[in-house]
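Novice: One letter stands for each residue in the lines below.
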Amino acid sequence: MRDVIRAATAVAALSLLVGLGRLAPAALEAQDQAAATPAPHANDDCMMCHSDPETTRADGTSLGVDAAKFEASVHGQLGMACVDCHADVATAELPHAEKLARVDCSTCHADASAAFAKSIHFEAREHGKGEAATCVSCHGMHDILPSSDPASRTYALNLPNTCGSCHGNDTLITRTNMQGGNVASQYADSIHGRALKAGLIVAPSCSACHGAHDILASTDPEGKVFRFNQVATCGTCHEGIKHQFDKGRHGQLLAAQDDRAPVCADCHSAHGIQAADTPQWRVDVIRECGTCHVEKLTTYRDTFHGQVTNLGFARVATCADCHGAHAVLPQSDPASPTHPTNRVAMCQQCHAGANENFAQYDPHADLHDRSRNAPLYYTARFMGVLLIGVFTFFGVHTTLWFQRAWREAAASRTPRQTLPAESVLPPPPHAGDEEPKGGER
Amino acid sequence: MSEPRYVRRFDRVHSVTHIALMLSFLGLAATGMPLLFSDARWAWYLSRAFGGFEMAGSLHRFFGTVLIVVFVAHIARLVRRVVVDKDYSIFWGPTSMVPQPQDLKDLYANFLWFVGKRPRPTFDRFTYWEKFDYWAVFWGMFVIGGSGIMLWFPTFFARFIPGWVFNIALFVHGEEALLAAGFIFTVHFFNGHLRPEKFPMDLVIFTGRMTTHEFEEERGAERARLAAEGKLDEIAAPPPTSGELAFGRAIGTFGLVVGVVLVILIFYAVLT
Chain A
1 MRDVIRAATA
11 VAALSLLVGL
21 GRLAPAALEA
31 QDQAAATPAP
41 HANDDCMMCH
51 SDPETTRADG
61 TSLGVDAAKF
71 EASVHGQLGM
81 ACVDCHADVA
91 TAELPHAEKL
101 ARVDCSTCHA
111 DASAAFAKSI
121 HFEAREHGKG
131 EAATCVSCHG
141 MHDILPSSDP
151 ASRTYALNLP
161 NTCGSCHGND
171 TLITRTNMQG
181 GNVASQYADS
191 IHGRALKAGL
201 IVAPSCSACH
211 GAHDILASTD
221 PEGKVFRFNQ
231 VATCGTCHEG
241 IKHQFDKGRH
251 GQLLAAQDDR
261 APVCADCHSA
271 HGIQAADTPQ
281 WRVDVIRECG
291 TCHVEKLTTY
301 RDTFHGQVTN
311 LGFARVATCA
321 DCHGAHAVLP
331 QSDPASPTHP
341 TNRVAMCQQC
351 HAGANENFAQ
361 YDPHADLHDR
371 SRNAPLYYTA
381 RFMGVLLIGV
391 FTFFGVHTTL
401 WFQRAWREAA
411 ASRTPRQTLP
421 AESVLPPPPH
431 AGDEEPKGGE
441 R
Chain B
442 MSEPRYVRRF
452 DRVHSVTHIA
462 LMLSFLGLAA
472 TGMPLLFSDA
482 RWAWYLSRAF
492 GGFEMAGSLH
502 RFFGTVLIVV
512 FVAHIARLVR
522 RVVVDKDYSI
532 FWGPTSMVPQ
542 PQDLKDLYAN
552 FLWFVGKRPR
562 PTFDRFTYWE
572 KFDYWAVFWG
582 MFVIGGSGIM
592 LWFPTFFARF
602 IPGWVFNIAL
612 FVHGEEALLA
622 AGFIFTVHFF
632 NGHLRPEKFP
642 MDLVIFTGRM
652 TTHEFEEERG
662 AERARLAAEG
672 KLDEIAAPPP
682 TSGELAFGRA
692 IGTFGLVVGV
702 VLVILIFYAV
712 LT
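Chains A and B supply the protein sequences, listed in that same order. Counting with my numbering, you get residues 1 to 441 for the letters of the first sequence. Counting with my numbering, you get residues 442 to 713 for the letters of the second sequence.
To be clear, the hints were calculated from the coordinates, so they are not data collected in a lab. Check before you lean on any hint, since a few could be wrong.
Sample of chain B residues facing chain A (criterion: CB under 10 angstroms; computed from the structure) [unchecked claim]:
1) F555
2) A577
3) F601
4) E617
5) R636
6) P637
Derived list of chain A stretches under chain B, where covered just means 3 residues or more per stretch with a C-beta under 8 angstroms from a C-beta of chain B [what the hints assert, rightly or not]:
7) 312-325
8) 388-400
C-beta atoms are modelled at their ideal positions from N, C-alpha and C, and glycine is treated no differently.
Hey, can you work out the whole structure from these sequences and the hints?
Specialist: See below:
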């Protein structure tokens with residue numbers, strides 16, 4: 001190791017001499033204008049040492065810089081010098097100190113830096129979570145490409161992998177107690193993730209919902225994914241759905257800033273969003289409705305529709321089939337499919353030939369509510385009594401019979417041969433005598 | 442020991458009726474219970490074992506049809522006995538299924554025996570618990586069968602019947618099914634088969650025959666009555682063949698095992 005450093009130092013010293021020689025005219029010019037300010041180092045000076053990937057720091061990490069990649073990068077294309085970013089070594093004596101100042105991107109990227117300074121990543125770093133992303137975590141260092149470049153880490157099609165290097169790293173997620181868990185894998189399985197992976201550039205990548213530099217916590221009222229901002233965020237693409245949602249009861253509650261109002265991710269989940277026509281989603285979303293509409297879910301589960309979907313089959317009516325998905329309206333609203341005037345048509349969607357009578361069937365019948373369906377209520381009471389009565393009577397009957405028959409079987413096995421024929425029936429019972437024999441068997 | 446002699450208790454139609462009743466009932470219970478206990482994990486598997494809910498539903502309707510046919514055939518046989526044979530004994534008397542005052546006495550006597558207050562009572566052709574089983578099927582046929590047909594053709598029945606009746610139909614169909622399955626797979630199994638005197642099963646319903654020894658012990662009243670009428674010889678029967686016994690054991694074991702498994706699943710679902 002020491003040899004390597006020594007070699008590097010020697011190379012650096014040599015290159016310094018050569019470099020100074022080349023820079024001499026410029027240096028002299030500068031000297032003319034101002035006091036002895038040494039000229040900043042040119043890229044080639046740096047590459048004297050940094051071109052060799054074998055050259056390592058004291059900790060063994062390579063200090064090589066791929067010149068070709070840098071030349072191809074957005075900064076290289078602009079003709080920027082190494083020292084434009086590594087300003088602290090611009091005029092330092094070479095070889096420079098091993099520890100350099102952190103590159104300050106804000107020198108040029110003031111807006112992005114200001115946005116980042118509000119972000120949850122920045123905040124996490126402030127709170128000592130050094131693993132939280134900073135500029136280079138997403139953009140890379142010397143090979144930064146414009147985000148419009150398909151090879152860029154921040155190109156929309158590549159972004160899930162970039163964010164996923166942390167948000168898909170289970171070890172890191174566990175160690176840092178990262179919010180949301182492995183969202184990268186959830187996203188990869190989602191309809192958004194699959195569409196993006198298939199190359200659909202309009203499919204939302206991470207930044208479409210979360211923003212890029214100014215990613216905020218979902219609890220931050222300013223954030224794009226904050227409860228009350230979610231509908232607007234999703235609505236940038238799903239605009240028609242947003243209009244429906246806003247008209248519905250859920251949308252009205254949300255507009256009134258009511259905490260009970262469900263927002264997009266409550267039903268669809270945040271990252272694992274599934275296509276709404278998959279059987280799995282049709283069946284799973286019922287539970288989501290049930291988190292608020294507890295009693296409605298209970299009564300639904302008492303019906304054929306609710307039982308079949310509970311078994312995981314999606315070919316019967318779920319909540320949205322009758323109530324609508326986004327424009328959920330109260331039954332009293334004439335536009336609601338569950339409004340009495342619309343109910344026959346609603347049932348007919350599945351039950352061809354359904355009539356007024358048919359539509360009177362209560363798909364949320366409550367056995368305990370006498371006012372809703374008194375005959376059902378009394379039928380339920382009657383059946384309850386019948387079941388309890390029958391099972392109680394025959395429970396006692398069977399238990400008594402069993403203990404008696406058991407004792408007799410036990411008793412008759414031993415003395416059977418010696419008894420006269422008539423006495424196949426047991427002798428008058430002495431429970432105390434006979435029980436142990438039964439118990440031993 | 443001399444060869445046991447046999448008497449005939451059931452004819453072949455009785456046996457076939459019971460087997461068809463039993464198989465269709467087991468099929469109905471197995472295909473219907475997953476819906477009633479849709480929360481249970483086993484219901485998830487069982488509904489898929491039947492090929493999904495549509496296939497389970499088709500099987501359920503098939504078994505239901507079989508059971509209705511069995512029921513109608515039984516009624517037709519009774520009607521024939523009355524109309525053609527002018528046999529009115531089915532309405533009243535010791536061989537009638539209609540509950541008799543004697544049944545109350547038998548029930549009382551049996552309870553006394555249970556608690557050791559008297560020797561074991563002996564019965565006539567049908568005991569009170571057998572009559573209960575029989576009428577439970579009748580009641581169940583109307584309640585479950587009637588509601589089942591309504592739910593099978595809802596748009597047709599909705600032409601005459603208001604919607605709230607369907608709520609009742611759906612409810613009683615499941616509840617009565619629970620009662621029937623719970624009763625058959627515990628009480629009937631015990632009374633008919635699993636009790637110590639019969640364990641593991643009584644083959645009389647499958648072979649139609651029982652030994653004279655059993656007949657005397659269990660059906661003493663019937664034996665005495667037939668002896669008084671001089672009809673004892675009429676019921677003497679040859680012993681069941683080994684094939685008949687093997688068939689009875691196989692189908693009886695099948696029914697008992699399926700039923701016990703189902704009732705365990707029901708208990709498990711109710712308790713968890």
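Novice: Now, for every hint given, state plainly whether the structure supports it.
Specialist: Going down the list of hints, with the structure as the test:
no. : hint    : in the structure
1   : F555    : 4 angstroms, holds
2   : A577    : 8 angstroms, holds
3   : F601    : 8 angstroms, holds
4   : E617    : 7 angstroms, holds
5   : R636    : 5 angstroms, holds
6   : P637    : 4 angstroms, holds
7   : 312-325 : holds (count 3)
8   : 388-400 : holds (count 6)
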